[in-house]
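Colleague: In case you want the letters, here they are:
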Amino acid sequence: MAKVALVEAITMALAHEMAHDDSVVVLGEDVGKNGGVFRATVGLQERFGTERVVDTPLAEALIAGVAIGMAAMGLKPVAEIQFSGFIYPCVDEIINHAGRLRNRTRGRISVPMVLRAPSGGGIHAPEHHSESNEALFAHMPGIRVVMPSSPARAYGLLLAAIRDPDPVVFLEPTRLYRLTKQEVADDGQALPLDTCFVLREGTDCTLVTWGAMVVESMAAAERLAKDGVSVEVIDLATVSPIDEQTVLESVEKTGRCVIVQEAPITGGVGSEVAALIAEKALYSLEAPIVRVAGWDTPMPLFKLEHDYMPSTDRVVAGIRSALEG
Amino acid sequence: MKIEFDPFFLFFLTPLEARLRTIAAKFEIGHTQYLDPDGKPTGPLPRFAQDPATLVGMYRWMVQVRVFDTKAIALQRTGQLGTYASCLGHEAAHVGIGAAMAREDAFFPMYREYGVQFQRGVHMHEVLLFWGGDERGNCFKDAPAHDFPWCVPIATQFHHATGAATAFKYRKQKRCAVTVIGDGGTSQGDFYESLNCAGAWKLPVVFVVCNNKWAISVPLAAQTACETLAQKAIGGGIYGEQVDGNDIIAMRDAMDRALKRSRKGEGATLIEAMTYRLSDHTTADDARRYRDAAEVEDHKAKEPLIRIRKYLETLGAWDAKQEQAWLAECAARVDAEVAIYKSAGKPPVESMFDHMFANLPEKLARQRDACLELASHADDGHGGAH
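The listed protein sequences correspond, in order, to chains A and B. Everything in the first sequence is counted per the working numbering, starting at 175 for the first residue and increasing by one. Everything in the second sequence is counted per the working numbering, starting at 1480 for the first residue and increasing by one.
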């Protein structure tokens, strides 16, 4: 079994699905000969040809809209948006069309597309390259939002996203692209799109997170374990729709909850998780819910990015606050 | 005194950039018209137009659309329909597009192309259902299942057509995507992005601009400084031409040629159909606020039904008696469709949820239950609660 980084697991999943289903077509800026700016599509054009790995003109709304048209005509397009801050021109197409065509045609037209995009900061990238915008898409009816946080989950969740008969926004944490390697079997096994992952079991506090913040969250849990604090870490992964059951059961068990997100705190996915717990597990709580998140500012240029993104120290402080509260 | 300029001296009088400049590209835009507003042929007609039966068939559709449109406005004015977008004056452009398309082609409308859609099997009652606030109007029970529903966010339909054409080309099918936009829509970035992509990828797509001179209250001159909208094709590297969009023969001819080019793998076309919006933008609009009545009157004389009827009468292929009989038949058809529309009732509330995803997520299933429960207790006076 090969040890692969997250970005290589993405390539592996794409190659697997392209080899098994000729309706899968990859498109985006520089995805062809260049293999994508993060190298997520490296080697695919060489293997599958220019008709299946298509360099598009530099126009993000076009990429999303063309993918919708392709999907509606029976293909399974996997479109790449080059950098996270460039995804906004796609919003019109995703919210007005991808998310509602099945509904407004009463099932006549469906849009089995995947919109892949890098997400989050921490890699000293230029301006507009480090945004965390999952909440924007999680708010849109008819759209699934998925964020993998390990090579194995990237592989299995991307396969599931491509096979899903509805549109999926698939946000890949750039900070994790090459952070660690993991053995991943190229066995075509997809992961479910409605189940989150308990990365570490614990009894004192539930920590809900997703994307690159899994790193700080796991480090915080590790550090607190040395002090005898047992933290249960949940990777939400399928950010929309949320696997409510796993989250609620965990909170009912621990009685405390910390939510960690890289995105700005206001109106984030964490707000939804907090509201869910307040509605359905309030009486299990022994302390107020704590959110550790990015500030309500634009993602700063990279000199300050680590002052923006929640650090392990901040996560530890958040957990301590929940334990004391 | 006679002044003579030495040619050598003249050369130095010419500005430097003019001396160094060569022509990098040139373009011209053709305009096609076969019937003038009085129904007189301006020259030899294309082959299909030499068969009066073909022309009569298209004329019948134009009348059918007009009768429907008139009725739909009446329904709105009497509180029996929501806001409706009239197609008055666009009948030749729309019927010409529909007549040229094959069933396996895909159509991506904006929101007033009933003349295309009726020919493709969309029912009049489906159009009424849509404007009557009911998604069942998008079901297109007897039209090609791949045809897109109405597209209200202006110009986004161009991307869908471009994507469909990409799929047809990938699958090596001889199918084409056809989409329509207004003159205002050509100001959108999406419009250019699609033209550009269709050019770069040589896609089987036909983009039609129905230039009706008004984008709600904004006249064409405020949208563009270009002499034509067809020339915007040049920027996308595709073929562009302008036609008299009130001339059904010119419209059909341009569509036939564009589709043929696309099927042969020769790429995309932009057709600018010169027409005029004789109606308000929608029934929610009052064009008298911004438009001279004299301008509208002037265009009424050039509207599309008059000229083809006159021409058919000249040929002896149509007469007043046939006109009356057909108008009566169209009215009866419209009445029957209006009856279906009126009897449709309210859609079941669960239909809001049932087509959100192929597999309904648990959270939505709970919302569906809650909505059904509320509806079962509701006495909202709309008669559809259950």
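Just so you know, these hints were derived from the structure itself, not from any lab. Just so you know, these numbers come straight off a predicted model, no measurement behind them. Hints may be right or wrong, so weigh each one.
As the list claims (entries may be wrong) - Taking lysine to aspartate or glutamate and the EDC-like style, the derived pairs with C-alpha atoms no more than 20 Å apart in a straight line are: (1) B:1620 - B:1583; (2) A:454 - B:1841; (3) B:1842 - A:225; (4) B:1842 - A:396.
Colleague: Next step is simple, just say for each hint if it's right about the structure.
Modeller: Hint check:
1. B:1620 - B:1583: At roughly 15 Å apart (the allowed maximum being 20 Å), residue 1583 of chain B and residue 1620 of chain B satisfy the hint.
2. A:454 - B:1841: holds (15 Å)
3. B:1842 - A:225: Violated, at roughly 39 Å.
4. B:1842 - A:396: violated (33 Å)
Violation of the numbered hints given earlier is confined to hints 3 and 4; the remaining hints are satisfied by the structure.
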